[in-house]
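K.L.:
These are the residues of each chain, in order.
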Amino acid sequence: MFFESFFTGQFFREAIAKAIEAGIPVSSLAYLLLLPLLTSMIAAARHLFGLTTYGTFIPAIISLIWLKLGLMPGFFLTVILFFWARFSQWLIKKTMIRRFKIDYLPRMAIFLLFLSLGLLVFSLAGYLNWLLAEQANIFILLVLVLVIQNLIEIQITLTAKEARSLVLETAFFALLGYGLLGWGFLQNFVLAWPGLSIILILVFNIVVGRYVGFRLLERYRFRSIID
Amino acid sequence: MAKWRDVLNINARNRLFLILNSKKGRRIANSKILTKKVMKKAGIPVPRLYAVFKTREQVNQFAWEKLKGNFVIKPTRGYAGEGILMIRKRGKWAGEWLLMDGSKVSTADLKFHIGDIFAGRYSLKDLPDKAFIEERIKIHPIFKKYVYQGTPDIRVIVFNNIPVMAMLRLPTAESKGRANLHQGAIGAGIDLATGITTYGVRHNRAVKYIPHSGRKINGLKLPFWDEVLLFSVKAQEAVPRLGYLGIDFFLSQEKGPVIVELNAKPGLSIQICNRDGLFRRLTRVQGLEVRSPEHGVRIAKNLFAERFADRVMAEKGIKTLKVLEPAKIKIGKKKWHEVFAKIDTGAFRSSIDRQLVAELGLSVKKNVLYSRHYRSSMGKRRERKIIELTFRIGGRRIKTAVNVVDRSHLSTPLLIGRRDLAGFLIKPEPITTGKSEVKSLQMEKRGE
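First to last, the protein sequences are chains A and B.
Numbering of the first sequence is given in this note's numbering, commencing with residue 1 and proceeding in unit increments.
Numbering of the second sequence is given in this note's numbering, commencing with residue 228 and proceeding in unit increments.
Take these hints with a grain of salt, some might be off.
Derived lysine to aspartate or glutamate pairs resembling EDC-like cross-links, with alpha carbons at most 20 Å apart [unchecked claim]: (1) 403/B / 162/A; (2) 101/A / 464/B; (3) 161/A / 284/B.
Covered by chain B, according to a simulated footprint, are these stretches of chain A (three or more residues, beta-carbon under 8 Å) [stated by the list, open to error]: (4) 19 to 30; (5) 212 to 219.
If you are wondering where the hints come from, they were derived from the structure by calculation, not from laboratory data.
By construction, the Cβ of each residue, glycine as well, lies at the ideal position given by its N, Cα and C atoms.
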């Protein structure tokens, strides 16, 4: 009985109905199923097209934050915080390392302090208060700070070119994620056909994962040695 | 140049070759200290280790004043040359050190750097790391005009105990002295047979000259080349759990080649500066029986020699061969055996008569590169030996791998295939080539 309902998707449908009954927001349930879809897209971008894709975590989290804050406010907040982070990082490098010789992890903590200060300045400008009152709670903003700290930390080890591609790719996948997760049609689809969605995602990843041919960008990379 | 099917791509590398590297093997390659231990045990030269630090106390208790300069501080699990600090010599005062660019640092600065290493600043994902101090290998004088700063290294890829491809990596100003292609270092392909550089590549684009000095990148003959190949096979023998392995060497004028690092996931750009595909080379040597490190080196040299013939041709003019051409087979030091050879562009590899090989004493085990199975025209499974052979034809000396076959019923004991004919023109005369033609040519030659 259980297996039958499992494979027809009846099991998932019932689970979803119960969850909604218990008061879990419908969109949250949809995100649960759409997040693996986003990850599959990122995996395919790496495996078939050859984009670097620095992990799936950061773009996924950013798109969730944007969904919560709304695209325009979320996007601007992320961009401004990002540049503020770059500036603080430069400042810390100039002062903390050269002059005071602070060790690495304390240095990272100071960096985080700078980011929090940035948010505080923001709230003085009134923008943040409006945001907080309207859409979000403080936890989302704190998660955003952590994500940006993470992004900057990865950037340190990269060359300028790689750092640029990291930022662009992260922005691209975050936007893609925003589109996918927020798309009403997709949300309805995965909630109406949970079993089918799971199977489709599985099959898609198995097909992508078994591909051993050239990635699209490799065709460009190796073109000079082909006669 | 290569075809798409010859080129190794990332997906195929991960799926087909990286699975040959077990977790234990990767553990050795990922730790520079472990690598050093294993290599030393196998009798392979490595930079001398001065100290390993795991805790701050060890750093403070270390007798810094005993160091005479010429050392390097490294994280054990660093990647892409991050976190490496090179010290040239002592400064004027105690506790003062001079870096490669002449700037001064204090012992406290060195300790601070080690603290950063401990905190995981240079390891992936901020994991805590160990630091160590080792001897600095001075740059070999022949590279002086080739690098702006830093030390060039040689990367050899070894598979099945046979070196399959190699490159020289020359740091540039852009790469900040690091020999990492990603960061803008120049990669130069190396001919495995001679150790001469072939083509230069920077940022996936072909380059011919060193930016700051205008030196030509190709045509540099690397010293200690035979040792480099030999040590790379020995290194893989020492770590058999790394089936597909990249080995990084520094060349030292005093010590010869030393192994600085093993790489369990070597990159694929090496194909671009060698203008050849790794996949073809890897499948070529897969399953060959390698009897000793020397044997592995010999297979590599014979299979993957560059044909410089087209360049030689441009310099010396084109040489014409007739269908029947006198050739001399090398049978010892300064001893040659004269035969007539048939030129056959329909064959890939050259062949030699089995009986002649036995008569000349060339079938000793040392000479045999490998055996290969084939299906005869009668449908039977046969085995054919492939030996190393040197012969002279048309005024050129050719060292190559040839098939040993039964040619007793044919007019000539030696057949030369197109693999060894690059740079020659062929004149299809005489049109018939039976035993009588060979005989008349022989008489002509003797002046009868």
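K.L.:
Take the hints in turn and mark each one as holding or not.
P.N.:
Outcome of the hint check:
Straight-line distance between C-alpha atoms of residue 403/B and residue 162/A comes to about 16 Å, which keeps the hinted pair within the 20 Å bound. A distance of roughly 45 Å separates the Cα atoms of residue 101/A and residue 464/B; the hinted pair therefore is violated under the 20 Å criterion. Under the criterion of a C-alpha separation no larger than 20 Å, the hint pairing residue 161/A with residue 284/B is inconsistent with the structure, at around 39 Å. Taking a C-beta to C-beta cut-off of 8 Å, the segment 19 to 30 of chain A contributes 0 residues in contact with chain B, too few for the three needed, and the coverage statement is violated.
Under a criterion of three residues with beta carbons nearer than 8 Å to beta carbons of chain B, the stated coverage of the segment 212 to 219 of chain A is upheld, 5 such residues being counted.
In this structure, the earlier hints numbered 2, 3 and 4 are contradicted, and the remaining ones agree with it.
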